[in-house]
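Starting from the known structure of chain A, fit chain B onto it as the hints suggest.
So the sequence lines, in the order shown, correspond to chains A and B.
Here the first sequence stands for residues 1 to 332, where the numbers follow this note's numbering.
Here the second sequence stands for residues 1 to 365, where the numbers follow this note's numbering.
Read the hints as simulated data drawn from the structure, not as lab findings.
Keep in mind that this is a model prediction, so the values were computed, not measured.
Treat the hints with caution; some may be incorrect.
[Claimed, not checked] Mimicking SDA-like on lysine to any residue, the simulated pairs with C-alpha atoms at most 25 Å apart in a straight line are:
no., chain 1, residue 1, chain 2, residue 2
1, A, K240, B, N197
2, A, K101, A, K179
3, A, K240, A, E224
4, B, K227, B, S22
5, B, K87, A, G144
6, A, K247, B, Q122
7, B, K298, B, A136
8, A, K247, B, S126
9, B, K324, B, R355
10, A, K32, A, F73
11, A, K74, A, Y164
12, B, K147, B, T99
13, A, K240, B, K87
14, A, K240, B, T133
15, A, K142, B, L40
16, A, K32, A, T304
17, B, K171, B, R156
18, A, K247, B, T99
19, B, K87, A, V137
20, B, K150, A, I325
21, A, K142, B, R172
22, A, K247, B, K53
23, A, K247, A, I273
24, B, K87, A, S145
25, A, K179, A, Y164
26, B, K53, B, K87
27, A, K58, A, L21
28, B, K111, A, M250
29, A, K240, B, A88
[As the list claims (entries may be wrong)] For the chain A half of the interface with chain B, some residues (derived, Cβ under 7 Å), not all of them:
no., residue
30, D229
31, G238
32, P327
33, R330
[As the list claims (entries may be wrong)] From the derived model, a few chain A residues whose C-beta atoms are all more than 12 Å from chain B:
no., residue
34, A134
35, I257
36, V320
Ideal placement from N, C-alpha and C gives every residue a C-beta, glycine not left out.
Here is how the chains run, residue by residue.
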Amino acid sequence: MLAYLIRRLFAAAVMLVVIILVVFSIFFLVPKWAGVDIALSFVGKQADPAAVEGVREKLGLAEPIYSQVWEFFKGIFAGRTYSGGGDVTHCAAPCFGYSFKSEQAVWPVLTDRFPVTLGLALGAAVLWLVFGVAAGVLSALKRGSLWDRGAMVVALSGVSLPIYFTGLLASAIFVFGLKWFDGRYVPLSDSFSGWFGSMILPWVTLAFLYAAMYARITRATMMEILGEDYIRTARAKGLKEQVVIGKHAMRSTMTPILTMLGMDLGALIGGAILTETTFSLPGLGQAVLNAIKNQDLPIILGVTLITSLAVLIANLVVDVLYAVIDPRVRLA
Amino acid sequence: MTELSKTGAAVGEPSTASPAPSAFLEVRDLKVHFPTDDGLVKSVDGLSFQLEKGKTLGIVGESGSGKSVTSLGIMGLHTAGQYGKRKAQISGEIWLDGTELLSADPDHVRKLRGREMAMIFQDPLSALHPYYTIGAQIVEAYRIHHKVDKKTARRRAIEMLDRVGIPQPDKRVDSYPHEFSGGMRQRAMIAMSLVNNPELLIADEPTTALDVTVQAQILDLIRDLQKEFGSAVIIITHDLGVVAELADDILVMYGGRCVERGPADKVFYEPRHPYTWGLLGSMPRLDREQQDRLIPVKGSPPSLINVPSGCAFNPRCPYADVPKDNVTRTVRPELTEVGSQHWAACHMSQEQRERIWTEEIAPKL
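So that you can see chain A by itself, here it is in the shape it has in the complex (with noise of 0.2 Å):
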């Protein structure tokens, strides 16, 4: 299990340092490839040559690449100083360099945002899987009844309904017409309550979409291992059929959900875009939503980098989780 362990870690560093390089050459080489002035689109578009010129001295544009490259992964770790066009900017690790736009450090705005994103995300990852696995089981064991396909027709429709949609109406509904919340995003460090209330119809929503897909896998894969050989050995000792349900056959459907959720979560705490636009939750999908926007590229590159991160990190954890389910995992 430790060895599992350790290997695991190690695999997840690599693909850090791998993930880092890539990104960069995605946002400062391939426009240098492209034959766009990354220099230009920070200064915008009517700047005198000189300031252009300051700029990529002091970004470091005009660098070979290997060094480019090596600055701003050092940045990463160590910090980095620009220098260039008469100033010098020190950026304490870790740096992920300057908004182009409100010309802020990009890391204090990532952190900023990262707890709205992080609470949205965990909030609705509890919501759903309560609600879609215990759907997704009832609706196994009641397969066919009048509740299994009332169940399924919900799912449907809360896969194919986006958040836009149900977000929307939620807050036509709760917000405007019931005025039951008042759609303002409460910082959890200004209050509590204040906080969990305003998450409430934001964490609904995103978890409907969610708890939709989860209750579908659960269903199909409760079936499933319902009809596995060691379902009937288990009820062949004699054992109750909650036991049979609740501990043999659960343990088996998690490992599937457990896969998704990992996914699910890494992908969300990335940016939960369309709930953060839907809701006004200042997020880090709402972050880069604007960045694109601007194209500020040190906060897309930023945010796309927290993104890969808290996949890794997700994934990382679903595969400890995963060799506590399934002992078969801990050799590979």
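What follows is chain B alone, placed relative to chain A:
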């Protein structure tokens, strides 16, 4: 020799009254039907037999003859954990030690499972839960029926693993099924089935998934354990060699019904049903030199939805055209006594069958 003759007259006939039988296990007119889109599948359609403690009954037949369905029916596993609308339709009577199981409270039957009657399955790899250690699974089986702490149950599990011949049982108890070889897994499965000293053990093709070299060991183990525990054993197989080694009585199934039943040596040496002849002819034997070719039973098993009227074996029977007296072809032949405690269901007269067996079949085997 066997206690079969006690209520022998009831064999094959639907019983109306239902006094508790004297036999340890008695199955009366068991029918297990499954509704499907294509129609009603009559997997078992009127099966009766008896079994005493300390005896072994071999149920033989090809795939789809209803062997496994019968055993799952006795265990009550058709009704336990059935989800959805299509439920198996089960009728008849199954008496185990004075209790009728089909009409009993399902929770009562559940408590009998594992304690009074246990089962060994065909493929131990898929029949053991891959995520739990062998020990945990045996401990669980023991603790369902015994109020003991985990330590005691674990000691019992190790003891059972030792008994079924698993080396270093105190270490192997913490292994997972995938860390065992096929033979070891089946031993562990047997240990799990016997952990509660069940009085009825059903082995459903216990050696089919195993290496030939391991098969004999497992069969020996089952025989030894039966002697030790004095339980009744039903061994289900398509392999006549397996029952030849173990069974006191043999029941040959075809199309969901019993076509021949009797003491093992009678069924082997004086079989009175053409299907049994076919099974014997298709069994490879090393002790007969002149036999250079196996004789297969031609054709395929009957549809269990549209079972042929009359004798179900008729379409495949090489003697279907033998002239028969006083027989309506569309009437299903019932089991008739052809010898002491020996029954067969065939339209041919006993003399015809005796002649065919001694003159045509036996010399070729």
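Here is how each hint holds up against the structure:
Annotation: proposed proximity of K240 of chain A to N197 of chain B holds, straight-line Cα distance about 20 Å (limit 25 Å). The suggested pairing of K101 of chain A with K179 of chain A is violated, with an alpha-carbon distance near 37 Å, which exceeds 25 Å. For the suggested pair K240 of chain A and E224 of chain A, the alpha carbons sit about 20 Å apart, so the restraint of at most 25 Å is met. Proximity of K227 of chain B to S22 of chain B is assessed by CA-CA distance (about 22 Å); at most 25 Å being required, the pair is judged to hold.
Simply put, K87 of chain B and G144 of chain A have alpha-carbon atoms about 12 Å apart, close enough for the 25 Å limit, and the pair holds. Note on K247 of chain A and Q122 of chain B: the hinted pairing holds, with a Cα-Cα distance of about 23 Å set against a maximum of 25 Å. For the given pair, K298 of chain B sits about 47 Å from A136 of chain B by alpha-carbon distance, which is inconsistent with the 25 Å threshold. A threshold of 25 Å between alpha carbons decides the hint, and for K247 of chain A with S126 of chain B the separation of about 17 Å falls inside it, so the pair holds.
Note on K324 of chain B and R355 of chain B: the hinted pairing holds, with a Cα-Cα distance of about 14 Å set against a maximum of 25 Å. For a cut-off of 25 Å, the pair hint linking K32 of chain A to F73 of chain A stands: about 18 Å separates their Cα positions. For the suggested pair K74 of chain A and Y164 of chain A, the alpha carbons sit about 40 Å apart, so the restraint of at most 25 Å is broken. The suggested pairing of K147 of chain B with T99 of chain B holds, with an alpha-carbon distance near 24 Å, which does not exceed 25 Å.
For the given pair, K240 of chain A sits about 19 Å from K87 of chain B by alpha-carbon distance, which is consistent with the 25 Å threshold. Under the criterion of a C-alpha separation no larger than 25 Å, the hint pairing K240 of chain A with T133 of chain B is consistent with the structure, at around 20 Å. In summary, the hint linking K142 of chain A to L40 of chain B is supported, as the alpha carbons are separated by about 22 Å, within the 25 Å threshold. Between K32 of chain A and T304 of chain A the alpha-carbon distance is near 19 Å, which keeps this suggested pair within the 25 Å criterion.
Simply put, K171 of chain B and R156 of chain B have alpha-carbon atoms about 14 Å apart, close enough for the 25 Å limit, and the pair holds. Among the hinted pairs, K247 of chain A with T99 of chain B is inconsistent with the structure: their alpha-carbon atoms are about 30 Å apart, more than 25 Å. Restraint check for K87 of chain B and V137 of chain A: satisfied, since their Cα atoms lie roughly 19 Å apart, inside the 25 Å limit. Distance check on the hinted pair: K150 of chain B and I325 of chain A sit about 21 Å apart at the alpha-carbon level, within 25 Å; holds.
Using a Cα cut-off of 25 Å, the hinted pair K142 of chain A and R172 of chain B is violated, with the two alpha carbons roughly 39 Å apart. Under the criterion of a C-alpha separation no larger than 25 Å, the hint pairing K247 of chain A with K53 of chain B is inconsistent with the structure, at around 34 Å. For the proposed pair K247 of chain A and I273 of chain A, the alpha carbon gap of about 37 Å is over 25 Å, so the pair is violated. Between K87 of chain B and S145 of chain A, the direct Cα distance comes to roughly 14 Å. Compliance with the 25 Å bound is thereby established for this hinted pair.
About 19 Å separates the Cα atoms of K179 of chain A and Y164 of chain A, which keeps this hinted pair within 25 Å; it holds. Between K53 of chain B and K87 of chain B, the direct Cα distance comes to roughly 32 Å. Violation of the 25 Å bound is thereby established for this hinted pair. Straight-line distance between C-alpha atoms of K58 of chain A and L21 of chain A comes to about 21 Å, which keeps the hinted pair within the 25 Å bound. A distance of roughly 22 Å separates the Cα atoms of K111 of chain B and M250 of chain A; the hinted pair therefore holds under the 25 Å criterion.
Between K240 of chain A and A88 of chain B the alpha-carbon distance is near 20 Å, which keeps this suggested pair within the 25 Å criterion. The beta carbon of D229 of chain A comes within 4 Å of a beta carbon in chain B, closer than 7 Å, and the hint placing it at the interface holds. Hint on G238 of chain A holds. Least Cβ distance to chain B is approximately 3 Å, under the 7 Å limit. The interface hint given for P327 of chain A holds, since its Cβ lies 5 Å from the closest Cβ of chain B, which is under the 7 Å cut-off.
Proximity of R330 of chain A to chain B is violated relative to the hint, the smallest CB-CB distance being about 9 Å (cut-off 7 Å). The non-interface label for A134 of chain A is consistent with chain B: the shortest C-beta to C-beta separation is roughly 16 Å, beyond 12 Å. Every beta carbon of chain B lies more than 12 Å from that of I257 of chain A, the smallest distance being close to 14 Å; the non-interface claim holds. Distance to chain B confirms V320 of chain A as a non-interface residue, since its nearest Cβ pair spans about 15 Å, more than 12 Å.
Hint violations for this structure: numbers 2, 7, 11, 18, 21, 22, 23, 26, 33, all remaining hints satisfied.
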